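2 protein chains.
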Amino acid sequence: MADLKLYNFPRSGNCYKVRLLLSMLGLDYERVDLDLIKGESLTEAFKRINPRGQVPVLVDGDLVIWDSMAILVYLARRYAASDWLPTDPLGETRVMQWLAVSENELLYGLARARAALVFGKPFDLKLCQQDGRAGLSVLELKLSESDWLAADNVSIADIACYPYVSLAAEGEVSLQPYPAVCAWLGRVEGLPDWVPFLPG
Amino acid sequence: MADLKLYNFPRSGNCYKVRLLLSMLGLDYERVDLDLIKGESLTEAFKRINPRGQVPVLVDGDLVIWDSMAILVYLARRYAASDWLPTDPLGETRVMQWLAVSENELLYGLARARAALVFGKPFDLKLCQQDGRAGLSVLELKLSESDWLAADNVSIADIACYPYVSLAAEGEVSLQPYPAVCAWLGRVEGLPDWVPFLPG
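These protein sequences, in sequence, are chains A and B. Counting along the first sequence from 1, when you hit position 43 you're at 43 in our numbering, and nothing is skipped either side. Counting along the second sequence from 1, when you hit position 67 you're at 67 in our numbering, and nothing is skipped either side.
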């Protein structure tokens, strides 16, 4: 039986990636909410847990794992069937390509555009929106010919990319030019044990 | 026998990650240099190879793999001993944590500060330098207690983080406050088959 604890900020898309996968894998966990607006991830006490001063952080027994991408890989390898993260070199590589997009165009494009508008962060909104649209174009191309990003089935690649795409409007990036991306959002939301970003 | 081709830009730190690992694994490859300054990665022909319009891209027989992080994972899984990328969940996760740092604080901090100064890119220099220093502090903390980032030995975590740290001065970020990082740079440079960023 897993003994999992998630340090979480409800309005973080990176935390949402982890909450989604935990739900889809049917894993119970204790949730510890921090208020990032109040700087609660930047205290000395929390930096002993994660020196980067960021959430999410997953604690599994006596293991501490920081970083959303690393946590997705950990959960998939430790608790999931290999279709969530294949073990063959090419299958794993295909997932890694989309994890990279999630960390680049989506995080430094879409998520930062949202952070500029929602949290007042000092990012260059136009540049972020432009990076985000570049990422969406790459997703659109792939999802025009495939239901899922990295395999014939859902994988952690989809879970990593979904949150900031689904929140694109909060960064004033319209998804209207990306119909295949919109259809894919619907497929993710139709998966068993999908959970909304913020519970109603 | 591998039949490898690397689409490369000599002055790209992301390409250098791949050149380093190919060398250390003793893999021969054909190198196709593109001039990114002239926009040679943004042509329609190249975008059919990589829709993101970026290098590096690795071609292995009939496989095309884009993204530096994905290529490191591919080469490690396909051609290297498992110490370069462990197969156990926790060992793999520890590597992923530092791949995430390489994609975040180092790429969007150090590499963008360098791109602003060297290539005249429109990035906020002070913000990039600040992000880069945050990454260096996290590396310093880890490397004060460990020779390598993710394991008792060199792994692709070190190869992913090394290039933009070694190029930090080009973004006017001094490494003087980070002695453990400097010692680690020396350890990487002392590895068999290390190659310099630009051949002399």
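Misleading hints may appear alongside valid ones.
Below 30 Å or equal to it, Euclidean Cα-Cα: the simulated DSBU-like pairs (lysine-lysine) are [unchecked claim]:
| no. | chain 1 | residue 1 | chain 2 | residue 2 |
| --- | --- | --- | --- | --- |
| 1 | B | K121 | A | K121 |
| 2 | B | K142 | A | K126 |
| 3 | B | K142 | B | K47 |
| 4 | A | K5 | B | K5 |
| 5 | B | K121 | B | K5 |
| 6 | B | K38 | A | K142 |
| 7 | A | K142 | A | K126 |
| 8 | B | K38 | A | K38 |
| 9 | B | K38 | A | K121 |
Everything labelled a hint here was simulated from the structure, so no lab data went into it. Here the structure is a predicted model, which is why all the values come from computation and not from measurement.
Evaluated hints:
1. B:K121 x A:K121: Holds, at roughly 21 Å.
2. B:K142 x A:K126: Not satisfied, since the Cα-Cα distance of roughly 36 Å exceeds 30 Å.
3. B:K142 x B:K47: With a Cα-Cα distance of about 39 Å, the restraint between K142 (chain B) and K47 (chain B) is violated, given a limit of 30 Å.
4. A:K5 x B:K5: Given pair K5 (chain A), K5 (chain B) is violated - Cα atoms ~44 Å apart, limit 30 Å.
5. B:K121 x B:K5: Given pair K121 (chain B), K5 (chain B) holds - Cα atoms ~28 Å apart, limit 30 Å.
6. B:K38 x A:K142: holds, 27 Å
7. A:K142 x A:K126: The given pair, whose Cα atoms are some 25 Å apart, holds under the 30 Å limit.
8. B:K38 x A:K38: violated, 45 Å
9. B:K38 x A:K121: The given pair, whose Cα atoms are some 33 Å apart, is violated under the 30 Å limit.
The structure fails to meet hints 2, 3, 4, 8, 9 from the earlier list, while all remaining hints are met.
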